[in-house]
Amino acid sequence: MSEHLPALLVVVPLLLAPVAALVGRWKVAWAVAAAACWWTLYASVSLLQRIRVEGPISYELGGWVPPYGIEYRIDLVSIFVAIIVAAIGAVTIPYARTSIAKEVEEDRGPLFYAAFLLCLSGLLGISVTGDVFNVFVFLEISSLSAYSMIALGKDRRALTASFQYLIMGSVGASFIVIGIGLMYVMTGTLNMADLAVRLPEVADNRTIPVAFTFLTVGITLKLALFPLHLWLPNAYTYAPSAVTAFIASTATKVSVYLLLRFFFTIFGETFSYEAMQLDMVLMPLSIVAILAMSLVAIYQANVKRLLAFSSVAQIGYMVLGISFGSVLGVTAGIIHLFNHALMKGALFMAMGCVMYSVGSVRIEKMAGLGKRMPWTMAAFVGGGLSLIGVPATVGFVSKWYLVQAALEQGSWAIAGVVMVGSLMALIYVWKVVEVAYFQEPDPDHEIREAPLSLLLPTWALVAASFYFGIDASLTADVATQAAETLIGGIQ
Amino acid sequence: MSEGMLIGFTVLLPVVGAMAVLVLRATPNMREAGTLFAGVATFWHVLGLLYLVQEGARPRLELFEVVPGVPIVFEVEPLGMVFALVASFLWPVTTLYAIGYMRGHHEENQTRFFFFFAIAIAGALGVAFSGNLFTLFLFYEFLTFCTFPLVTHHQTEEAKRSGRIYLGILLATSVGFQLLAIIWTWQLAGTVEFMDGGILAGTASVGVLSAILVLYVYGVGKAALMPFHRWLPAAMVAPTPVSALLHAVAVVKAGVFTVLKIAVYVFGIDLLQTLATTSWMAWAAAATIILGSLVAFTKDNLKARLAYSTISQLSYIVLGAMLANEMGIIGGGMHIAMHAFGKITLFFAAGAVMVAAHEKKISRMHGLGRTMPITFGAFFIGSLSIIGLPPAGGSWSKWFLGMGTLESGQLGLLAVLMVSSLLGLYYLLEVPVKAFFFKPPEGSHHHEGIHEAPTTSLIAICVTAAATIALFFWPELWYDLMTMAVSGTGEVAP
Chain Y
18 MSEHLPALLV
28 VVPLLLAPVA
38 ALVGRWKVAW
48 AVAAAACWWT
58 LYASVSLLQR
68 IRVEGPISYE
78 LGGWVPPYGI
88 EYRIDLVSIF
98 VAIIVAAIGA
108 VTIPYARTSI
118 AKEVEEDRGP
128 LFYAAFLLCL
138 SGLLGISVTG
148 DVFNVFVFLE
158 ISSLSAYSMI
168 ALGKDRRALT
178 ASFQYLIMGS
188 VGASFIVIGI
198 GLMYVMTGTL
208 NMADLAVRLP
218 EVADNRTIPV
228 AFTFLTVGIT
238 LKLALFPLHL
248 WLPNAYTYAP
258 SAVTAFIAST
268 ATKVSVYLLL
278 RFFFTIFGET
288 FSYEAMQLDM
298 VLMPLSIVAI
308 LAMSLVAIYQ
318 ANVKRLLAFS
328 SVAQIGYMVL
338 GISFGSVLGV
348 TAGIIHLFNH
358 ALMKGALFMA
368 MGCVMYSVGS
378 VRIEKMAGLG
388 KRMPWTMAAF
398 VGGGLSLIGV
408 PATVGFVSKW
418 YLVQAALEQG
428 SWAIAGVVMV
438 GSLMALIYVW
448 KVVEVAYFQE
458 PDPDHEIREA
468 PLSLLLPTWA
478 LVAASFYFGI
488 DASLTADVAT
498 QAAETLIGGI
508 Q
Chain F
47 MSEGMLIGFT
57 VLLPVVGAMA
67 VLVLRATPNM
77 REAGTLFAGV
87 ATFWHVLGLL
97 YLVQEGARPR
107 LELFEVVPGV
117 PIVFEVEPLG
127 MVFALVASFL
137 WPVTTLYAIG
147 YMRGHHEENQ
157 TRFFFFFAIA
167 IAGALGVAFS
177 GNLFTLFLFY
187 EFLTFCTFPL
197 VTHHQTEEAK
207 RSGRIYLGIL
217 LATSVGFQLL
227 AIIWTWQLAG
237 TVEFMDGGIL
247 AGTASVGVLS
257 AILVLYVYGV
267 GKAALMPFHR
277 WLPAAMVAPT
287 PVSALLHAVA
297 VVKAGVFTVL
307 KIAVYVFGID
317 LLQTLATTSW
327 MAWAAAATII
337 LGSLVAFTKD
347 NLKARLAYST
357 ISQLSYIVLG
367 AMLANEMGII
377 GGGMHIAMHA
387 FGKITLFFAA
397 GAVMVAAHEK
407 KISRMHGLGR
417 TMPITFGAFF
427 IGSLSIIGLP
437 PAGGSWSKWF
447 LGMGTLESGQ
457 LGLLAVLMVS
467 SLLGLYYLLE
477 VPVKAFFFKP
487 PEGSHHHEGI
497 HEAPTTSLIA
507 ICVTAAATIA
517 LFFWPELWYD
527 LMTMAVSGTG
537 EVAP
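In the order they appear, the protein sequences are chains Y and F.
All residue numbers for the first sequence refer to the numbering used here, where the first residue is 18 and numbers rise by one.
All residue numbers for the second sequence refer to the numbering used here, where the first residue is 47 and numbers rise by one.
Treat the hints loosely; a few may be bogus.
Here are the simulated DSSO-like cross-link-like pairs (lysine-lysine), alpha carbons at most 30 Å apart as the crow flies [claimed, not checked]: (1) Lys448(Y) / Lys119(Y); (2) Lys382(Y) / Lys206(F); (3) Lys485(F) / Lys345(F); (4) Lys448(Y) / Lys206(F); (5) Lys206(F) / Lys407(F); (6) Lys44(Y) / Lys171(Y); (7) Lys388(Y) / Lys206(F); (8) Lys171(Y) / Lys388(Y); (9) Lys480(F) / Lys345(F).
Coverage of chain F stretches by chain Y, computed from C-beta distances (three or more under 8 Å per stretch; other residues unrestricted) [claimed, not checked]: (10) 101-112; (11) 185-195; (12) 211-225; (13) 230-240.
Away from chain Y, derived, C-beta distances all over 10 Å, residues of chain F [as the list claims (entries may be wrong)]: (14) Val61; (15) Phe83; (16) Thr323; (17) Ala403.
Simulated from the structure, these hints should not be mistaken for lab results.
Since we're looking at a predicted model, the values are computed, not measured.
Even for Gly, the Cβ is constructed at its ideal location relative to N, Cα and C.
Only chain Y is shown next, with the shape it has when bound in the complex (with noise of 0.2 Å):
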């Protein structure tokens, strides 16, 4: 069974979907996610240790030799990010059984855990396959279950934020596929590593950087890079609280993982950088990003949207890190992916909390909380410090890398750019911190704390944010050795 791990991995959660939808009970339902979570978490960590000491792992689907047939193709790049979209699910799922049970209407329990897992499955399929239109297909499917759950939402701007999210996201989704059918035009191939083989030979004709072209605006409108982030606000605001911690941390950071793929692997690094100027363009988005989002995270009265526009920021960072094209600046990037996910799963876990306890993630309704609630709180703390960027939590891992590349380009701005952000962090950060901790809670409301089923999970995202920022070696390796590959091209 473990040769076929990399199939599985994907193929599990993808078959266990209908079956949560057709049993019909919720909580039938909720255990079969939850087995199909936790066993692609295992199945993530063990393909991650044979990696470690064989190598990237070549997996013919259905026999056919690659180029023909399609290969999954798992390097320490495809399995990082698939160990952070398996674990951010393993988290969610415990979390949802409570939060979904309150924030979706009852019968329509198991469609939820079975689009969560058509969702998962698209996602892992993205990190580890080795074709680029399997890619597209994965790619719709876990838009398409993404744009579902979003439509979940009890509140009913929740539709019309997922149906935003549809358009743009096909927008993207239809450049994407008009970049691969650009290649397979001139190329005849589909496989990623063959693609890279082929590619050098045709890149002269123009066809080949208006592929390239089509592919950057694809994919940076699904990883929401400024100013083609108009999607993600709304859709991370009023979607149910489990949807939103697992999509925030996750389906953004595949995108990331796709642009990586594409610009380095397929690309090569002289291609996108050097003819195609890629740095002209994603370096200065990403700034505005970093800045603006961040300013107008500072006013905006509910704290999901808050955290919404803080994410197009973060995202910012994190290709910022990338348009270096150093290998500091793609570890800084690939460290961003892990620490964001972590920190931000964190904090719209707490945010669930309140939701679940208070009805509301308004400002205004967070006056005292901190007395009320104080476990969610220390958590939300907790998480803020770490997008502030903190020592001893990961935002500080991530920012320690980034400003070193930074300073290894010279660019003294750039480095100031990233401090700037922090501060900013700090401001909205402490806008919460300060009505929940410094304003009286209303007595007529009675608020609790929230369940224990909320905050292990919550917790356990805040404990490995300060863990991961204490002893980031294993990141911190993992990324570097990513980094390296990717600039080197296949091996």
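Fit chain F to the supplied structure of chain Y, relying on the hints for placement.
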């Protein structure tokens, strides 16, 4: 117990004390006994480390690497020892004081108060014993965050505003400048270890290193160099024991200690002398010394006056570091201790007046000296130390700082020290003079029924005042430690 274990244990003891506070919260007497006990135990362990350091050892505890090449590491060297001794000795004394103050003042949330108080001491000890820039920065920020609940203890609108200023300035400087400088150092030197003679020499052009120096000196916001000093008066909104220990000892001293440590172990005295910005920074410190004193003049609120006096005095230490010679560093290091004892006495006295007479304004303290002679007597002794007059410890550190300015040939800076002392003479001594010799306003009875502060507080005041005088007669400990720090050999210079 191995040396490394001893360090870890010493830093952890205040945390254990904090846990004890939480566990014993139901019975206030037990709770306070818990912190007192932890305080005495911590001081005892610091003494154990002092013994090792005096032997010439540098006890070291390396934990794990945070990112490759950058471990969390503690190393006890003489300069850190000075800071640790001061902080750990004054913690139990302040606890004693706080017991009387918090109860006498009917403060709420005392458990939270004592909890974060203990945690903050752990942070200060972590700063003192840090063996590289990263560990230093880690505990520096830790100290910022765990003192926030103390500063905003009253949770009023004013406390919230002050808390914003406090956190805003401290984080803006540390994240914006200091962290940038640390990462830059790491990039240039390939290490963030503190080493004798510094790590930066020869790694980059003089221009770049000069810029890094400016980033460091302004980046240590806790040193309150103008224009980044506003957080200190803002923090005075806290209960007086907090102002006393944290804003006259632990937090601000963590700041100037960081400046000294960076000057000695990151740049090294020899490199500092060659940098263009060293003397600029010395003059920035000189400006802060004078301006701080002048502003102190204008304050009628006693705590605010003491806050500006602190700002002024802190810059003595920054100045000592930026003189870039041995005398300056020795004077700066000794001033950490001397100023700590003097200033904490002043704060204790100010708090005692608040508890006993509910007075904050100097102009309303006329004649109070007759009803509270011990408090104002102690205030007088503390003032002498801050001004730098015998028989108080402050005269020694001022002496060495003065020598340092002469050695560097900067007579202008010597003049600044003199002028500042004269200013101090007026704005500090005004308080006991008015209290003892001025008559209370005619027809007012508001001093009736006022006694000295609660006994535990009074004991604390007497201890620090006595220590201030003792430091004049026995300053050798501090002098020897600082000589070891600058000579870098671990041997005491003859």
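Hint-by-hint comparison with the structure:
no., hint, result
1, Lys448(Y) / Lys119(Y), "holds, 27 Å"
2, Lys382(Y) / Lys206(F), "holds, 18 Å"
3, Lys485(F) / Lys345(F), "holds, 21 Å"
4, Lys448(Y) / Lys206(F), "holds, 11 Å"
5, Lys206(F) / Lys407(F), "holds, 23 Å"
6, Lys44(Y) / Lys171(Y), "holds, 20 Å"
7, Lys388(Y) / Lys206(F), "holds, 16 Å"
8, Lys171(Y) / Lys388(Y), "holds, 28 Å"
9, Lys480(F) / Lys345(F), "holds, 15 Å"
10, 101-112, "holds (count 3)"
11, 185-195, "holds (count 3)"
12, 211-225, "holds (count 7)"
13, 230-240, "holds (count 3)"
14, Val61, "holds, 14 Å"
15, Phe83, "holds, 27 Å"
16, Thr323, "holds, 17 Å"
17, Ala403, "holds, 30 Å"
In terms of the numbered hints stated before, the structure departs from none.
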